[in-house]
Each structure stands twice: as structure tokens, then as C-alpha cells.
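Colleague: Once you've looked at the hints, dock chain A against the given chain D.
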Amino acid sequence: MIEVRKLTKYYGSFRALKEVSFSIKEGERVGLLGPNGAGKSTMMRILTGFMPASYGTATIGKYEIHEYPLEVKRLIGYLPERVSLYDEMTVKSFLKFVAKVKGLSSTQCKIAVDEVVQTCGLEEVYSRVVGVLSKGFRQRLGLAQALIGSPPVIILDEPTVGLDPQQVVEIRDLIKNLGERHTVLLSTHILSEVSLLCSRALIMNAGEIVSEITIDPTKPTVEIEQAFLKAIAREGVGIEK
Amino acid sequence: MKSAWNIGKREFISFFVTPSGYVVLGLIALLTGTAFVLSFLTYVQISQSPFQFGYTTVPDFEETFLSPYFVFCGIMIMFLSPLITMRLISEEYHKGTMELLLTYPLRDRDIIFGKFGSALAVLLLAVGLIAINVFLLLPFTDMEWSVFLFGLCSVFLMGMAILSLGLFISSLITYPITAGLVSFGVYLLLFIVGNVAEKMPQKTSLPNTFPGFLRGSVENIYWLFRSLLLELPLDNHAKNMALGIFEPKDIVYYLLCTAFFVFLTFRALESRNWRK
Numbered sequence: 214m215i216e217v218r219k220l221t222k223y224y225g226s227f228r229a230l231k232e233v234s235f236s237i238k239e240g241e242r243v244g245l246l247g248p249n250g251a252g253k254s255t256m257m258r259i260l261t262g263f264m265p266a267s268y269g270t271a272t273i274g275k276y277e278i279h280e281y282p283l284e285v286k287r288l289i290g291y292l293p294e295r296v297s298l299y300d301e302m303t304v305k306s307f308l309k310f311v312a313k314v315k316g317l318s319s320t321q322c323k324i325a326v327d328e329v330v331q332t333c334g335l336e337e338v339y340s341r342v343v344g345v346l347s348k349g350f351r352q353r354l355g356l357a358q359a360l361i362g363s364p365p366v367i368i369l370d371e372p373t374v375g376l377d378p379q380q381v382v383e384i385r386d387l388i389k390n391l392g393e394r395h396t397v398l399l400s401t402h403i404l405s406e407v408s409l410l411c412s413r414a415l416i417m418n419a420g421e422i423v424s425e426i427t428i429d430p431t432k433p434t435v436e437i438e439q440a441f442l443k444a445i446a447r448e449g450v451g452i453e454k
Numbered sequence: 037m038k039s040a041w042n043i044g045k046r047e048f049i050s051f052f053v054t055p056s057g058y059v060v061l062g063l064i065a066l067l068t069g070t071a072f073v074l075s076f077l078t079y080v081q082i083s084q085s086p087f088q089f090g091y092t093t094v095p096d097f098e099e100t101f102l103s104p105y106f107v108f109c110g111i112m113i114m115f116l117s118p119l120i121t122m123r124l125i126s127e128e129y130h131k132g133t134m135e136l137l138l139t140y141p142l143r144d145r146d147i148i149f150g151k152f153g154s155a156l157a158v159l160l161l162a163v164g165l166i167a168i169n170v171f172l173l174l175p176f177t178d179m180e181w182s183v184f185l186f187g188l189c190s191v192f193l194m195g196m197a198i199l200s201l202g203l204f205i206s207s208l209i210t211y212p213i214t215a216g217l218v219s220f221g222v223y224l225l226l227f228i229v230g231n232v233a234e235k236m237p238q239k240t241s242l243p244n245t246f247p248g249f250l251r252g253s254v255e256n257i258y259w260l261f262r263s264l265l266l267e268l269p270l271d272n273h274a275k276n277m278a279l280g281i282f283e284p285k286d287i288v289y290y291l292l293c294t295a296f297f298v299f300l301t302f303r304a305l306e307s308r309n310w311r312k
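Protein sequences appear in the order of chains D and A. Each number in this note's numbering comes from the position in the first sequence (counting from 1) with 213 added on. Each number in this note's numbering comes from the position in the second sequence (counting from 1) with 36 added on.
In isolation and in its complexed conformation, chain D is listed as follows (with noise of 0.2 Å):
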């Protein structure tokens, strides 16, 4: 479903993304690990089609991102890591607005809202304004806009990140329940996170992908901890200037 070949992002003379190549099946669920500054939220930028790479290719589904972007973002849904939303608009009328903007019809619209509404928990905020949401009420909006619509890949960049313990618990219980009808790749540094919520684990340090994790649900995160540290303890991997 997503094919990732050879993506370089410069910033300047600085490289975000150093030659990154993975790909992911269709209904599977991959975690993007790595510390602050991987290049986790470049990845998923790129992906998404909000910017573009230096070099390299993505296809997502049968579409290469660079070459059909709009085809593209009608496969996606996106969290980003900064939940930006229009914080005068009520949650209704957000959820239409993105329902509309996303192309469905009036008709399709109502029951993308109504469905995203209940799988996200929204009814106690439907007619609230966004400006007035608690964090994690603006979160599940986030998770709700980037469902609409039921897009065959979710992404979610650090979905959990700034929540208390129980709105963490909440989310994570949300993106479980998401089934297999959508392929999710999930960028956090939450190692937990991923034991829970995720098939498989991409590695990232520096702009690369140094490891790669296949999570068995059985085993302890302790083994995943270890298998982190030590990818990311590598000498060699660095950001060149």
C-alpha cells in the first residue's frame, strides 16, 4: 500500500532524509520510532503531500505522491503532530466542512460525520466551538477529521503526545479500534506505543532507517527498549551538514 523508495529531504545544506526506502501492506499497522528530530514528521509531511522530497519516490496505493498529488490525498487521512483546527467553528461544523472539502456529497457527508462522531467519542461536543475543546477532545477532532471519509491510509504524527494518562489511554484505545480496514502508519517516540498499537516498527535516527522491528504482542517491551537503544546507539549515523 505505501512504497517508499530512496526519499532525500533537504532543509538547506541540512538533510532531514537520508535515501529512506520501506514499504508497508495493505491493512497492516507500522510505527515510525525514533528520538526527537529522526525525521519521523518529515517522513510523514512528504507522504501526506504537504511537502515535497529532494529525490526519491513514495507511491501510495498505485499513485506516485509527487506525480498525482491529489489522487493521493484522497487515499489519505493525516493527524498532524500540532493539531491545528479553526478554533471558531463548532465541531459540526467543522467535521462538514472537512467532510465537504474532501469530496463527498451531501448525502455521504451526514454519515461521515455521524460515523466519525461516534467512533471518536465527539456527541457530548458536537455543537461546542473547537476554540473551547480540552486537549484531548481537540485530539480526537483531529483523529475524527483525518477518518472522514474512511480513507484506506491513516497517518497520525505523534497522536498521543501532550495528553494525560487517561485521554492517552483513550486515543490508543481509538486507533486499535480503527480494524483493519485501514492501512496506519504511526510516528511516535513512545516505545509502549508501538508494542500496543502496531504490527511492526521502522527505526529511524538521524534521516535514516537503522532498524527494523517485527513486534510479537507476547514479548515485554523491555526487548523492544533494547532493540531501540541499540539502533540508535549505532556510531556512524549522523546528520551531515
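Please keep in mind that the hints were generated in silico from the structure rather than gathered at the bench. A hint or two may mislead.
As a list, the in silico DSSO-like pairs of lysine-lysine whose alpha-carbon atoms are at most 27 Å apart [claimed, not checked]: (1) A/Lys131 x D/Lys348; (2) A/Lys239 x A/Lys275; (3) D/Lys219 x D/Lys238; (4) D/Lys305 x A/Lys38; (5) D/Lys323 x A/Lys38.
Modeller: For chain A alone, coordinates are given in the frame of chain D:
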């Protein structure tokens, strides 16, 4: 274009959910209304005793009152329009909502036409407020309809060009307040340039001691420079139209100006894909 409509609709509604829409339209209503009353009272005084004011007969209503009023309204809109345009694109960058918009299946044209369309809708409301002022005089005067319609048209066309320049500036700057201030500065500069150009002598000539070819070249360059300064300001072309004179070049000027700045906005938004 359905997506552009949705973007424009959201933008227009959010303009009136926050106080900014009411502040802008309120200010336009207050300033143009006050100017209307004061100019009308002055015109009444002039028409009662024209000799006192240096006129030999009662001056023409359209020429003395109506068209200068429309030009004034256009200038008011010019100086208040940064309040409309500053938020259009720069606010999306500032709040971070651009990341969402650019990852939805939207074309750049949907975003730009949607945003510009919402600004034009606010401008239409402003033109409507100005029209109400003038409508109040209909029972008491036999106003020329061409002056009335062309006057409103000149305010709208001038406003459209101004908004397109503001939209472009908003696409370059990520802080709405800065975008607003820069727009205001640019409008002020254009306004001053226009006024300075009008006061410049029509010809300049070097002393006879200079060689003939040099004097000729300087005169030509001066003429070109002055003509350019006279044509550049956005309010200058509205003056003829507000008098009810149909000059295709004035309409073409505003349309080209709008198209040029909208085109530049496209390039500014596209530039995110140029940064390798």
C-alpha cells in the same frame, strides 16, 4: 470549483463569527456615512450661495458631490482592506491549519479562489453600504444613473484590485498583523506616489547649455517616469469612472491588476514545491 466554494463559504462565515467582519463593515459604514453627510451639507451650502465658494452657477451635482464621494469611498476601502486581507492566507500559516488544508484533496486554485471570493463577498457588502447612502438621495435629486452605477462599479473594481494585492502580501507573510501592516504601507506608498505625481510639472527641461540629445533624452525619461507614476496608483483610475465616463483602459487596468496579483499568489503558494 465546489471545493473553492466550500473554502470561501467557511472563510466568509468565520469572518462574521469573529468581531473582525463587524469592525471592518462598521468602520466603512461610519466613515463613508460621515463623509456622505458632511459632503452633502457642504454641497447644499454651495448650491445656496455659489458665489461665496467661487462658482458662477450652481455646480453640477454629480461632478461636485457624487463622483468625489465615490473616489473617497474607494480610498477608505483601500486603507481598511488590510483588515480583510491580512487573515486570508497568512493566518492559515500562523495557526498551522495550512498543514491540514494542503493535505486535503484540494488544488491551489480552490484555496486561492475560495479565499479571494470570500474577500470579494465582504467587499460587495461594503459597496452595498455605500449604495444605501446614495439611495437616500434618490427622492430629492434627478441623479444620472450612469454616474451612480459607474461610481459603484469603480469602488468595486478598485476594491477588487486592492484585495488581490492584499491577498498576495498575505501569501508571503506568515504573521497576519505583519501582513496587514505591510499591505497598509504599500497602499499608503501608492497613494502618496499618485499625489506627488499629480503635482509634478508636466515637462522638465535642462538649461540650454546642455547638448540637444541629452536634453531630449532627459525630457523623454522624465515624461515616461511621470506617466508611470500617474498610472500606477490604484485610486487614479477610479476618478474617471466615478464621473460616469466609460474608459475601457480603466476597467482593463483594474482587471489586469487583479489578474496579476492573483497570479503572483498562485506562484507564492506553489513556491513550497520549489524548495528542494
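Colleague: Would you mind marking each hint as holding or not holding in the structure?
Modeller: Consistency of the hints with the structure:
As the CA atoms of A/Lys131 and D/Lys348 are separated by approximately 16 Å, the hinted pair is consistent with the 27 Å bound. At roughly 23 Å between alpha-carbon atoms, A/Lys239 and A/Lys275 fall within 27 Å of each other, so this suggested pair holds. Under the criterion of a C-alpha separation no larger than 27 Å, the hint pairing D/Lys219 with D/Lys238 is consistent with the structure, at around 18 Å. At roughly 20 Å between alpha-carbon atoms, D/Lys305 and A/Lys38 fall within 27 Å of each other, so this suggested pair holds.
Distance hint between D/Lys323 and A/Lys38 is fulfilled; the C-alpha atoms sit about 17 Å from each other, no more than 27 Å.
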